[in-house]
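2 protein chains.
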Amino acid sequence: MADILHRIGIKSSSIDDVYQALTTRHGLAGWWTSNTQGEGNQVGNIIEFRFGAGGFDIKVSELTAPTYVGWVVVAGPDEWVGTTITWELKQEGEYVIVLFRHLNWKEPVEFMHHCSTKWAIFLMSLKSLIETGKGTPDPIDVKIDNWN
Amino acid sequence: MADILHRIGIKSSSIDDVYQALTTRHGLAGWWTSNTQGEGNQVGNIIEFRFGAGGFDIKVSELTAPTYVGWVVVAGPDEWVGTTITWELKQEGEYVIVLFRHLNWKEPVEFMHHCSTKWAIFLMSLKSLIETGKGTPDPIDVKIDNWN
Numbered sequence: 005m006a007d008i009l010h011r012i013g014i015k016s017s018s019i020d021d022v023y024q025a026l027t028t029r030h031g032l033a034g035w036w037t038s039n040t041q042g043e044g045n046q047v048g049n050i051i052e053f054r055f056g057a058g059g060f061d062i063k064v065s066e067l068t069a070p071t072y073v074g075w076v077v078v079a080g081p082d083e084w085v086g087t088t089i090t091w092e093l094k095q096e097g098e099y100v101i102v103l104f105r106h107l108n109w110k111e112p113v114e115f116m117h118h119c120s121t122k123w124a125i126f127l128m129s130l131k132s133l134i135e136t137g138k139g140t141p142d143p144i145d146v147k148i149d150n151w152n
Numbered sequence: 005m006a007d008i009l010h011r012i013g014i015k016s017s018s019i020d021d022v023y024q025a026l027t028t029r030h031g032l033a034g035w036w037t038s039n040t041q042g043e044g045n046q047v048g049n050i051i052e053f054r055f056g057a058g059g060f061d062i063k064v065s066e067l068t069a070p071t072y073v074g075w076v077v078v079a080g081p082d083e084w085v086g087t088t089i090t091w092e093l094k095q096e097g098e099y100v101i102v103l104f105r106h107l108n109w110k111e112p113v114e115f116m117h118h119c120s121t122k123w124a125i126f127l128m129s130l131k132s133l134i135e136t137g138k139g140t141p142d143p144i145d146v147k148i149d150n151w152n
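For the record, the sequence lines run as chains Z and A.
Count the first sequence with the working numbering and you get residues 5 to 152, in order.
Count the second sequence with the working numbering and you get residues 5 to 152, in order.
Treat each hint with caution, since some may be false.
Because identical chains cannot be distinguished in the list, a pair is counted as satisfied if it fits within a single copy or across any two copies.
Only pairs whose alpha carbons sit at most 27 Å apart, straight line, appear in this in silico DSSO-like list of lysine-lysine [claimed, not checked]:
{"hint": "1", "residue 1": "Lys63", "residue 2": "Lys138"}
{"hint": "2", "residue 1": "Lys147", "residue 2": "Lys15"}
{"hint": "3", "residue 1": "Lys110", "residue 2": "Lys15"}
{"hint": "4", "residue 1": "Lys110", "residue 2": "Lys138"}
{"hint": "5", "residue 1": "Lys94", "residue 2": "Lys138"}
{"hint": "6", "residue 1": "Lys110", "residue 2": "Lys94"}
I should point out that these hints are in silico values taken from the structure, not numbers from a laboratory.
Go ahead and model the full structure; you've got the sequences and the hints to work with.
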C-alpha cells in the first residue's frame, strides 16, 4: 500500500469557508473541476467529478464539520477505485491548515507519481480560491506533464 | 517507511539540460535554493543546500548520465537524515519526464506532508527553469503554508 500526503496552509480565519469548499458542489467546482455534480454535505452522497480525460465518482464516507471530510472512490480509473481520500482541517494562527491524504494505493505506479504532483497543484488552487476568490479548476488547471 | 513520489513533464528535447539542472551548482541554484554550494556531478560529492530556515547536506550516491541521479541526505532535520532522493529521467515525445522519489521516511509525520507539497512546488520551479529560463528557488519560492 502507498499513500499520497500533502499539507497546505490557507490564510483565513474561517475554517468553515474551507470546509464548505470541500463539501458543496459550488466550492468543489471552484478549485478541482468545473464539471462537478452532487453535494458533499451528507454521508452517503455521491459526487461526480469529470475532467477532460475521464473522472471519478466519490462517496462521502465521513463528515465532522468543520474539521474532517472522508471520501471513498467508487468509480474511475482502476488505480483509484477503493482508495480513500481524507481531509483534516485545523486553525493555526492566521492559517487554516489542511492535511490531505489519498490512501491505500495498491502499487506506487507511475500514475500515482503524477496524481501526487497534481494533487499539490489542486490544493494550491483551493488555497487560491479561499484567499483570493479565484481557483484554477479543470479545465483552467496548471498542467504538469504530458498526462495533463 | 513512507515515500514521497512525484512526476512532472518538462517541454524540452534535451534530457541533458534537465540532468545538468540536477547535477551542477548553477542548475540546482536556479530552481531549489539560491544558496547552494558544491557540484553534484561526481559520486561521493557533498552538496550543501541552505534555506531561510535551515538546510540539508546531500551526498551524491549514484549517477547515470543523463537518466538517473541518486542522493542520500547526510545532514539536516532528523526526519531527513538517512532518507534517499532519486531522479529518473526519460524522453517521451516532446517532454522530458522526471520521476522523483524521496524514499524511506521513518514515519508519515506532518512535516512529511509539508515536504511532499513543497517538493511539487520546487519541481514546478525546475520545469519553469528549463522551459522559460527562470525558476523560483528559495527565497523567491512559492509559499504553501505557515512552515513556508
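**Item:** Unmet hints by their number, sorted upward, for this structure
**Value:** Hints 3, 4 are the ones this structure does not satisfy, whereas the remaining hints hold.
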